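Participant: Sequence:
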Amino acid sequence: MVTIFIVTMFFSCESDIKKVQQLSETSFIPTGEADTLNLKYTDSGKIKSILKSPKMLDYSNINNPFTEFPKGIHVTLFDNKGNTTTVVADYAISYKKTDIIDLQGNVVISSQNSKKLETSQLYFDQKNEWFFTEKHFKYTDEAGGYLEGPGVDFSKDFKIFNMQQSSGEVNTSDK
1 MVTIFIVTMF FSCESDIKKV QQLSETSFIP TGEADTLNLK YTDSGKIKSI LKSPKMLDYS
61 NINNPFTEFP KGIHVTLFDN KGNTTTVVAD YAISYKKTDI IDLQGNVVIS SQNSKKLETS
121 QLYFDQKNEW FFTEKHFKYT DEAGGYLEGP GVDFSKDFKI FNMQQSSGEV NTSDK
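Residue numbers (this note's numbering): 1 to 175.
These aren't lab readings, by the way, just hints derived from the structure by calculation. For clarity, every value in this text was computed on a predicted model and none was experimentally measured. A portion of the hints provided could be inaccurate.
As the list claims (entries may be wrong) - Using 30 Å as the maximum straight-line C-alpha spacing, the simulated BS3-like pairs for lysine-lysine come out as follows:
1) K81 with K52
2) K116 with K52
3) K96 with K46
4) K71 with K48
5) K156 with K138
6) K40 with K96
7) K81 with K156
8) K159 with K48
9) K46 with K97
10) K48 with K115
11) K127 with K52
12) K71 with K52
13) K159 with K115
Generate the whole structure from the sequences, applying the supplied hints.
Facilitator: Right under this line is the structure:
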């Protein structure tokens, strides 16, 4: 009888321990969730960018807050002259503390004047308006020339372009 009582107590305590462990586990759930997002950012009455995404998850309640776009993004950026640049990726995550955006999977940046950059992963530093990656990239310009290789960093407007090792074909004209 005493053995049965001790065994019963042991199993009931084990069950309670499992419940306490489950309660103490941190829940990693978003504080906000949006489907079919179409966000327009304006400054002084002018549209500066349009962000579209099928899904957005906001994790602003944790120590290192971030916003996740698990089903990809499509961003259109407008400059002061009305020229557009589009950014497309299969997945994106924006870190609030560092202002770094991590774009992943079939990342394509294309400008209105037919410049295009393709890679599998690309980071964007929002503070400095600077893109960078260590992954393989391919850049095509408006004249049909191209550069490709591992690792590149460049300004948002493609005016400053730094490559680590690259090869390609550049078309020039003597005017």
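Participant: Now tell me if each hint is right for this structure.
Facilitator: Cross-check of the supplied hints:
1. Simply put, K81 and K52 have alpha-carbon atoms about 22 Å apart, close enough for the 30 Å limit, and the pair holds.
2. Distance restraint check for K116 and K52: the Cα-Cα separation of roughly 20 Å lies within the 30 Å cut-off, and the hinted pair is therefore satisfied.
3. Restraint check for K96 and K46: the C-alpha separation of about 24 Å stays at or below 30 Å, so the hint holds.
4. The suggested pairing of K71 with K48 holds, with an alpha-carbon distance near 23 Å, which does not exceed 30 Å.
5. Only pairs whose Cα atoms come within 30 Å are accepted, and K156 paired with K138 is accepted, the gap being roughly 16 Å.
6. Between K40 and K96 the alpha-carbon distance is near 19 Å, which keeps this suggested pair within the 30 Å criterion.
7. Restraint check for K81 and K156: the C-alpha separation of about 15 Å stays at or below 30 Å, so the hint holds.
8. Pair hint K159 plus K48 holds up; C-alpha atoms about 19 Å apart against a cutoff of 30 Å.
9. Straight-line distance between C-alpha atoms of K46 and K97 comes to about 27 Å, which keeps the hinted pair within the 30 Å bound.
10. Among the hinted pairs, K48 with K115 is consistent with the structure: their alpha-carbon atoms are about 20 Å apart, no more than 30 Å.
11. The suggested pairing of K127 with K52 holds, with an alpha-carbon distance near 21 Å, which does not exceed 30 Å.
12. Of the pairs offered as hints, the one joining K71 and K52 holds, with about 11 Å between alpha carbons and a cut-off of 30 Å not exceeded.
13. Proximity of K159 to K115 is assessed by CA-CA distance (about 11 Å); at most 30 Å being required, the pair is judged to hold.
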